[in-house]
Amino acid sequence: MINYFLNNNNIWIFISIVVIVASLLIKLYKALVGYSYRKVMLASIPGPPARYRLFGNLDMIWNNCNVEQNPADYIFKSMAHLYRKEGIFKYRNANRVMVLIYNHELAQDFLKCNVNIEKAFEYQLLYDWLGKGLLINDSADLWRERRKLLTPAFHQTILTEFVPIFNDKSDILVKRLADCVDIKGVNICDLVFPTALDIITESGMGIKMNAQQNENQDYIHAIQQMGKCLLDRLFNPMLWLNAIFYMTSSGKQFKRNLNISHELTRRVINDRKDYLLQNKGNVCSDSDCKPSKRKRLAFLDLLLENHFNDNSLTLEDIREEVDTIMFAGHDTTQDIREEVDTIMFAGHDTTALCLSWTLYFIGLDRDIQHRIHEEMDSVLGTNRDVTIDDIKQMHYLEAVIKEGC
Numbered sequence: 074m075i076n077y078f079l080n081n082n083n084i085w086i087f088i089s090i091v092v093i094v095a096s097l098l099i100k101l102y103k104a105l106v107g108y109s110y111r112k113v114m115l116a117s118i119p120g121p122p123a124r125y126r127l128f129g130n131l132d133m134i135w136n137n138c139n140v141e142q143n144p145a146d147y148i149f150k151s152m153a154h155l156y157r158k159e160g161i162f163k164y165r166n167a168n169r170v171m172v173l174i175y176n177h178e179l180a181q182d183f184l185k186c187n188v189n190i191e192k193a194f195e196y197q198l199l200y201d202w203l204g205k206g207l208l209i210n211d212s213a214d215l216w217r218e219r220r221k222l223l224t225p226a227f228h229q230t231i232l233t234e235f236v237p238i239f240n241d242k243s244d245i246l247v248k249r250l251a252d253c254v255d256i257k258g259v260n261i262c263d264l265v266f267p268t269a270l271d272i273i274t275e276s277g278m279g280i281k282m283n284a285q286q287n288e289n290q291d292y293i294h295a296i297q298q299m300g301k302c303l304l305d306r307l308f309n310p311m312l313w314l315n316a317i318f319y320m321t322s323s324g325k326q327f328k329r330n331l332n333i334s335h336e337l338t339r340r341v342i343n344d345r346k347d348y349l350l351q352n353k354g355n356v357c358s359d360s361d362c363k364p365s366k367r368k369r370l371a372f373l374d375l376l377l378e379n380h381f382n383d384n385s386l387t388l389e390d391i392r393e394e395v396d397t398i399m400f401a402g403h404d405t406t407q408d409i410r411e412e413v414d415t416i417m418f419a420g421h422d423t424t425a426l427c428l429s430w431t432l433y434f435i436g437l438d439r440d441i442q443h444r445i446h447e448e449m450d451s452v453l454g455t456n457r458d459v460t461i462d463d464i465k466q467m468h469y470l471e472a473v474i475k476e477g478c
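First residue of the sequence shown? That's 74 in the numbering used here, and the numbers climb one at a time after it.
Since the hints were made in silico from the structure, they are not lab data. By construction, the Cβ of each residue, glycine as well, lies at the ideal position given by its N, Cα and C atoms. One or more of the hints may lead you astray.
With a straight-line Cα cutoff of 27 angstroms, these simulated DSSO-like cross-link-like pairs (lysine-lysine) come out [what the hints assert, rightly or not]:
# : residue 1 : residue 2
1 : K475      : K150
2 : K281      : K346
3 : K192      : K325
4 : K163      : K221
5 : K465      : K185
6 : K100      : K163
Cβ pair distances, simulated, as ranges [what the hints assert, rightly or not]:
# : residue 1 : residue 2 : range
7 : K475      : F194      : 26 to 32 angstroms
8 : F194      : L232      : 30 to 36 angstroms
9 : E178      : W430      : 19 to 25 angstroms
Using the sequences plus the hints, can you model the full thing?
Written as structure tokens, this is what we have:
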């Protein structure tokens with residue numbers, strides 16, 4: 074065959090074939106070396122054996138299923154069963170090996186590490202929604218650049234100025250809880266999630282979402298449905314490829330809700346951008362600005378200011394960060410959109426889950442309820458709005474929240 078290529082002046086075809094074959098062999102070699110390394114490193118970690126190499130331990134999860142349950146519910150219940158039985162353990166999701174830990178010291182070591190920030194493959198499933206926002210960005214330089222830019226918006230002195238917003242939205246939540254007194258049971262998430270969304274959008278974006286008053290329900294429904302679609306996709310390897318996923322009914326539903334989500338975040342950005350351009354100079358974000366003169370620094374204002382000054386963030390960058398906080402070179406409007414999506418997703422989703430679980434646990438223990446009530450009475454006295462100084466005195470409540478989260 075070699076003589077054929079040489080005799081017919083097809084040397085370049087021959088070289089191309091050699092290069093392709095060599096590239097495939099190199100990739101195969103790296104894959105085998107990586108597999109062997111991971112196998113040795115994971116050998117000492119306990120975990121159930123994989124009966125089928127292709128499916129990993131997915132058969133164990135599905136065997137524990139109750140067909141009457143929501144798929145995500147029984148998947149997590151099955152994982153919790155393995156967790157209680159094995160403690161720290163590994164399991165395989167198709168060809169993906171995951172290690173679940175329970176020791177807080179191990180978790181602390183992982184969370185404190187800022188060197189290896191490469192995201193797992195599963196984060197790629199969020200890319201169409203959140204883009205390259207801070208939550209799923211694994212470029213070390215860009216991650217540090219974005220983190221440095223966003224940190225001032227969450228400084229304690231800035232957050233103090235948002236306490237009136239926290240009080241206002243919490244008062245609405247209390248009234249909604251009072252309406253549930255005569256109801257036998259209530260899903261606390263249905264009350265806490267809109268509250269968290271109202272708080273993050275007004276304090277971080279400078280807009281009133283009014284989710285607790287049943288406004289913007291299309292957006293709330295959209296992000297809830299996208300979350301369900303992503304869970305279904307996560308535990309079904311056949312849906313990991315975009316080409317296959319978007320051909321399914323779940324993928325088409327995800328796409329429809331994605332358009333609703335992005336439409337709202339772009340509208341938020343454009344409305345705030347127009348407002349700032351019309352009121353130039355009214356928003357002070359300089360760290361040297363005196364507190365008495367500084368107006369509330371919304372997260373979105375900080376991103377847009379950066380966009381105005383040197384165009385280091387695009388509007389699409391900001392959209393991604395806002396979307397993330399609402400489920401964390403050259404820049405254009407795409408960059409701003411990405412950052413906005415990031416903020417709107419992560420900011421309300423994680424906080425709402427934390428508070429929902431904490432309230433649930435508090436509801437199970439009357440003694441803890443009594444001790445919290447006593448502390449709040451001693452600090453607040455009469456029924457009045459909470460201040461930042463009041464919060465600093467509620468040590469027991471702080472401990473309960475930290476343990477609940």
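Hint check results:
1. K475 x K150: holds, 23 angstroms
2. K281 x K346: Cα-Cα ~15 angstroms, so holds.
3. K192 x K325: holds, 26 angstroms
4. K163 x K221: violated, 35 angstroms
5. K465 x K185: The given pair, whose Cα atoms are some 25 angstroms apart, holds under the 27 angstroms limit.
6. K100 x K163: OK: K100 and K163 at ~26 angstroms, within 27 angstroms.
7. K475 x F194: 26 to 32 angstroms: holds, 31 angstroms
8. F194 x L232: 30 to 36 angstroms: holds, 34 angstroms
9. E178 x W430: 19 to 25 angstroms: holds, 22 angstroms
In summary, the structure is inconsistent with hint 4 from the numbered list given earlier, while agreeing with all the others.
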